[in-house]
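Construct all of the structure, not just a fragment, from the sequences and the given hints.
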Amino acid sequence: MAAPSTAQPGEQVPARVVEELNYALQDYRERTGKLPASISELLTASKLPPPQLPPGAQLRINAQFKTIEYVGPGGK
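Taking our numbering, the leading residue of the sequence shown gets 982, the next gets one more, and so forth.
Just so you know, nobody snuck in bad clues.
Once the Cα atoms are required to be at most 35 Å apart in a straight line, the calculated DSBU-like pairs of lysine-lysine come out as:
1. Lys1015 to Lys1047
2. Lys1028 to Lys1047
3. Lys1015 to Lys1028
Distance ranges between label pairs, derived from CB positions:
4. Arg997 to Pro1036: 13 to 23 Å
5. Gly1037 to Glu1000: 14 to 24 Å
6. Arg1010 to Pro1031: 11 to 21 Å
7. Pro1054 to Thr1013: 26 to 36 Å
Treat the hints as calculated values from the structure; they're not laboratory data.
The beta-carbon is built from N, C-alpha and C at its ideal position, and this holds for glycine as well.
Next up, the structure:
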């Protein structure tokens, strides 16, 4: 699996980054039978570098839908 791409200054995190992290999440769930406690745990277990996010942005795990979500600055 390719490492997640990084966003350029002023650019939102590419959909490809979220897609790649969702593949990593699916793989993690298949191997462990559970969701990781955090994005950091997923990145460590998958041996992926953390993507560079715009200031105030974050990635989070949506436990209900079992997906990675990008939350832009200000929670949007």
